[in-house]
Amino acid sequence: MSDEANLENAAPKDDLLWRQLKTIPAFRALLRAVETRFYQVIELPEPVLDVGCGDGHFAQVTFDKRIQAGIDPSYAVVEKAQTTAMYELALASGGADLPFPNEHFASAFSNSVLEHIPDVDAVLVETNRVLQMNGRFVITTPSHYFTENLGGAAFFHKLGMDGMADRYRDFFNKVSRHAHTDSPERWAERFAAAGFEIERWQYYFSAEALHALEIGHVQGLPSWVIHALTGHWVIAPWESSLKPTERWVRPFYEEAFQDTGAYILIIAKKVSDGPVDVPLPPAQPYSLDELNAALLPTTERTASVIPDLPTDEPSEEPIIPASVKHETPVAQEPPPAVASSRVNLLNLALIGLALLLAMMGQSAWRADPDNPGRGLLWFGLSAVALGLFFWLRGERPGRLFHRPQIGEVPAKRWLIFLALFLALLAQRFVLPGGEQRPLLAISVWLVAIALAWYALYTPASHAISRPTRSTIIISLLLFSAALLVRLFNLSSQPFILNGIEADIGLDALHVVEGVSRNPFGTGWLTNPTLPLYLLAVPLRLFGPTVFGLRFLSAVAGALTVVATFLIGQRLWSRAVGLGAAVLLLGSHFHLHFSRLGITNVWDALLILLALGLIGIAWQQETNDSRLTWLLAGLAIGLNTYLYTSSHLLPIMLLALLLWTLLVDRQRLRRQWRHLLAAALLALVVALPQMLYYRAMPGVFMERANVLGILDSQSGWLGRETAVSGQTQLQLIGRQFGQAALGFNATLDQSNAYGPFVPLLNFVAGVLFIIGFTLALFHWRDLRYNLLAIWVLVTVVFGGALMLNPPSSHRLIIAAPALMLLASLALVMLAKAVFGTEQGDDEAPVGENGRLSSHRYLLITVLIITLMLAFLDLGYYFGPYQSQHHFGDRNTEIAHEMATYLNNLEGEWTVYFYGPPTMYVGFPSITFLAQDFQDGTNLFDVSAPNAALQPAATSNVVHIFLPERQNELTAVQAAFQGGQTETVDGYYASPLFLTYKTPK
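So in our numbering, the last spot in the sequence shown is 999, and the numbers never skip.
Since the hints were derived computationally from the structure, they do not count as laboratory data. Cβ coordinates follow ideal geometry from the N, Cα and C atoms, glycine included. There may be inaccurate statements among the hints.
Label-pair ranges, simulated between beta-carbon atoms [stated by the list, open to error]:
no.: 1; residue 1: Gly921; residue 2: Arg734; range: 35 to 43 Å
no.: 2; residue 1: Ala722; residue 2: Ala947; range: 45 to 53 Å
no.: 3; residue 1: Leu676; residue 2: Ala722; range: 43 to 51 Å
All chains, full assembly: derive it from the sequences and hints.
See below:
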């Protein structure tokens, strides 16, 4: 049920307080009801501007007709405002730069908004600009008494703790996101400086009402959690549920206005386009009789805005169970005498989930009745939860889960709810529109994860086995070798920085510079921003360089090699793990993405950890698997903060869950508590990013919809069907074939790599196919099954259903799975040759001191994989490097131009004769040439004979693309005595020409 739908539960006898209580928490409802009353007596001529419209809730409750325009800096809340139909135009815009012409509006209002804006003077000046002369501007805002009269501060003063009182005031204002709480005199100065004269003002909201508001902030925490999870502040908006709250706040709503108050109402009038000298008039408060007399008759107002609905629980088709209504339940069959009287936690959870999902379905139907599909989906999920509830109620032997009673749950488990709350709080610290505090948000998020870990962790019944000395040595050797080949000549292989890397680098620099302040949002092409905070570290250490940008990818790639060894050894054997790690170490495919300043190689690492740890935990004894499950949950949650894995991992996990339900329900019964703990930890880790996606609908699937082939996405499938004459099924089959053969045969179509050979060499490709077949034969074994699912989901959803398959930057996510499958095949073949049975390949030497067959097997696998690895390394640092097939001409021009500019000594002004082919805003130039700023000392020359911008320095250099070098003669004539130089490249010779005129 939406908050707008909750309004429909208002009765004909409703007053403004009731209307607010049924949609928002009590403390806000009280304040908004008092403020709504003012607007019934204040005339606002049309057209009207709402400065800070928020989600449109206040306007919907306050006004009985549409407002011409509303603005708010948050795109997410503006989208919600648009759904209320209260605004003819709702725009995401800052108040200091309004997208309207001069003197456009006859009046404006800003309700409890200006206190959140640090540079409020600019907002007042801009509002003056768009208002007509004598136009009215009405605001409500906290006064200086808000800070002075806080009850918590008064409590500390009574205890003689003045310092704590001041800290409490600061804390409460920070929680309320107040940039200022000022006196009427200070507001009069601001308005006069902006060209306004205050016509009338008054205080409202007594100290006692303010204390109720303070208490309400704590009381409203459950509503905050409910809103974050469901989008609704109030889920039981009827009179019987809200009556106690209404009785508590009603006296403050009906109190007479006093000489002081925590808030101010100001009615100002535009009298000039510039500053004026006008005094603050005496306060002129409204009386309650005056305000109440101006209210529309309640029945008339209700009918003008919303239809009449009953105030209390609906008598037909109730939206909550009858038990909530405190009515006598219908008689049921008595339970068996042996049944426990204690509340069953799992039953409660399932019933609550079914109810919540049904409410979401109802909300979806009411919000968009023309699109019933979304509502049906929610109701379908509700039916599944309800069906599971009834199925579990049956007292049959061998049921899937043991249902825990509340008394069985350890006390520390309940801390998971505090962890979820802290994760919600972390996301709130970086909400747009207020003071964003990214470091505090990350710190609170990490505390939430640590608390969740503590709440969910159970010590193992046996001592945890430590890695052997040989395992540690092999891991260190693998990491060192993998890191060495990934760092070798990193700045010049690939030989240029491409535009994708540079765009991500610029986003990371914004973190370094403090411009990007939301670690739980999205940046370039909707990539999550949290990895940028990691990328910012080497950029701060090494500067904005190619090495600094690519460094972490090399580390992530080396860690993936080690993780492949450890997981392969744990799930199968040392031979499998070591063989796969060596193949991955040398793979030209994985090596390349480990040397790019993009995060795709991170996806492969986190997917490997998530699925590999699930496989290990699945094999462990029930009493010893909690640690591994929690590590898997941590990895699953972190996958949310990477682009490709956040889209593909949920599909893989769903497929694995279906497999366990069909094939291995007995083990699922034993492991379900640990699986639930992993899921809860993953939720805590992922929650801030999930809340961002929820607040920004469409962002999560934006790139997939642009690049997907379906008609609901890019529409490629329908267009290609019409052009080619093939059926859609034939086209999908062709796409699948191209994607599936992307590892073995078809060439990469991605601009991020593009080698002239398949992603796997011939032998590795053969081994991969044999290994995949082996996995299909072992379909009842989760270890093999997770590899098959990993590859298939990547091929289908990262290849076949996307444009231009195969694209290596999407397939890199499956690289560890490919090498594990290839190594499994190699080990199987080697065992057949040596006649070795399945077992420990670390067996000691055999009789007479000879090596056992297991050792021969391990040595053979190592030799073969080393040979294959050296083949790939030789290709990458040999033919591929010499082909210089990376990026394009413009990318090379940008890279070499930035290098040229960085080598200039002294201060220079640059004129670039590149448009319309390319411009100085090319991301590689912006990222690498930090001393040159577009519009300051770096200028595009848009056309021949175009007037040059004034030079910022005495030294000037003109850079010409070959297609515009005919303009060089005119420049030489105008700037005599210069030097001409040609810069050659691989994509073109020359790449560009320069003409330097130093002075």
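Hint by hint, here is what the structure shows:
Under the hint 35 to 43 Å, the C-beta atoms of Gly921 and Arg734, about 38 Å apart, fit the expected range. With their beta carbons about 49 Å apart, Ala722 and Ala947 fall inside the hinted range of 45 to 53 Å. For the hinted restraint 43 to 51 Å between Leu676 and Ala722, the CB-CB distance of approximately 49 Å keeps it satisfied.
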